[in-house]
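Participant: Residues per chain, in single letters:
Number of protein chains: 4
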Amino acid sequence: MSHEAYQECIDECLACIKACNHCFDACLKETDVQMMAECIRLDLECADICAYAVDAMSRNSPFASHICRLCAEICEACGDECKKHDHTHCQQCAEICFRCAEVCRKMAH
Amino acid sequence: MSHEAYQECIDECLACIKACNHCFDACLKETDVQMMAECIRLDLECADICAYAVDAMSRNSPFASHICRLCAEICEACGDECKKHDHTHCQQCAEICFRCAEVCRKMAH
Amino acid sequence: MSHEAYQECIDECLACIKACNHCFDACLKETDVQMMAECIRLDLECADICAYAVDAMSRNSPFASHICRLCAEICEACGDECKKHDHTHCQQCAEICFRCAEVCRKMAH
Amino acid sequence: MSHEAYQECIDECLACIKACNHCFDACLKETDVQMMAECIRLDLECADICAYAVDAMSRNSPFASHICRLCAEICEACGDECKKHDHTHCQQCAEICFRCAEVCRKMAH
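Residue numbers (this note's numbering), protein chains in the order written: chain A, 13 to 121; chain B, 13 to 121; chain C, 13 to 121; chain D, 13 to 121.
Extracted from the complex, chain A is given alone in its bound form (with noise of 0.2 angstroms):
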């Protein structure tokens, strides 16, 4: 694994979460929260799958691969959930999503 990569993917670890975690707070805040109850899950699921996966990739985990792959996963499903809302935290939060899905998949192997 060259370094460049490692560092690449804690930084869209680290992007994702602050996407998620905005988002989760703006679903909150909208006026049909119900809709986006799913959103608010994953956003959660996923800014803890990326903490996780931060840890792992800084600390040299023996794990970091396994725990990327299931991060890649994680992100995935957050990017597709969040894509079917119109808010903008929702779409820029899909992108950012699906960006970090790629880059942990690359990692996971």
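The reader is advised that the hints may include incorrect statements.
It does not matter which identical chain is used: a pair holds within one copy or between any two.
[Stated by the list, open to error] Straight-line Cα separation of at most 30 angstroms, BS3-like style, residue types lysine-lysine; simulated pairs:
id : residue 1 : residue 2
1  : 96        : 118
2  : 41        : 118
3  : 96        : 41
4  : 41        : 95
5  : 118       : 95
Hint data in this document are derived by calculation from the structure and do not stem from the laboratory.
Computed from a predicted model, the values in this text were never measured in an experiment.
Keeping the supplied structure of chain A fixed, place chains B, C and D upon it in accordance with the hints.
Facilitator: Coordinates of chains B, C and D only, in the frame set by chain A:
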């Protein structure tokens, strides 16, 4: 700090993590999610600080006492919000939050 | 998945967090810290994934089963390292890790 | 609180997570691990509180200011320990910790 007080506080925090996460999940499934938005937010805050407090106490962190003070405050706020709602998961969560707040406060000085 | 199996796995993970964090703290206080370096590292990994698994299960995460599979693997690795060392904290931690791994594995399919 | 100050603090905390986790990993690989025990412990504490502060700020937590106060204090302590050691990873970590502490302190009142 007696070892017993320590263990008691860890166990209250662990119970509080379970209660808050369960309440979070149940709130997101309620028909009126909007009314539960603040509860969802505080359930998450409270589960997070309790997990952090458990780590700090069980690792003998030099900051355990400061972290417990913050934990008591957040548990109190979460309990105050939860007790406004009639759902069983909210009422049970409120009760556990208040108990956890009380035990954390004893650790905090 | 029966509700009981679920609760059992959450409780094993909570016990594992306590054991791993205690072992982490105790290892850092041993006279030969260098010999404990891998144990310190894995205690932390294991406490982290267990905390993440507890959150996932108690929030009814759609990824709970995948997370438990990863948790089983990391608990197993931590147990394997801990059991190499004669310190009581390591032996106890190994035992709890193996038990947690076993219960997590049942959740994972 | 200006939005810029907010973003700056999130970014300093993210940089601090990376630096502390890298220092943690590097300390565990040093030949004299025992001398690094306190540094290992504080690196972990500091990475944990920074991750928690990032979540709190990016979710607009009502407790963000209190969490930043605690974060400033722990960053300061971690920086104080790191700067005692000549290793490059420790010196760099100290520098980032002090900068993060300063920015967190501004958020805290």
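Participant: All the hints need checking, so say for each whether the structure fits it.
Facilitator: These are the hints, each one checked on the structure:
1. For the identical chains of this complex, residue 96 and residue 118 are intra-copy neighbours only, at 26 angstroms inside a copy versus 34 angstroms across copies, given an alpha-carbon limit of 30 angstroms.
2. Taking the closest pair of Cα atoms, residue 41 and residue 118 come within 30 angstroms of each other only across two copies (27 angstroms); inside a single copy the shortest separation is 35 angstroms, beyond that limit.
3. When the C-alpha separation of residue 96 and residue 41 is checked against a cutoff of 30 angstroms, the pair qualifies both within a copy, at 18 angstroms, and between copies, at 19 angstroms.
4. When the C-alpha separation of residue 41 and residue 95 is checked against a cutoff of 30 angstroms, the pair qualifies both within a copy, at 18 angstroms, and between copies, at 21 angstroms.
5. In this homomeric assembly, residue 118 and residue 95 come within 30 angstroms of each other (Cα to Cα) only inside a single copy, at 23 angstroms, whereas the closest approach across copies is 34 angstroms.
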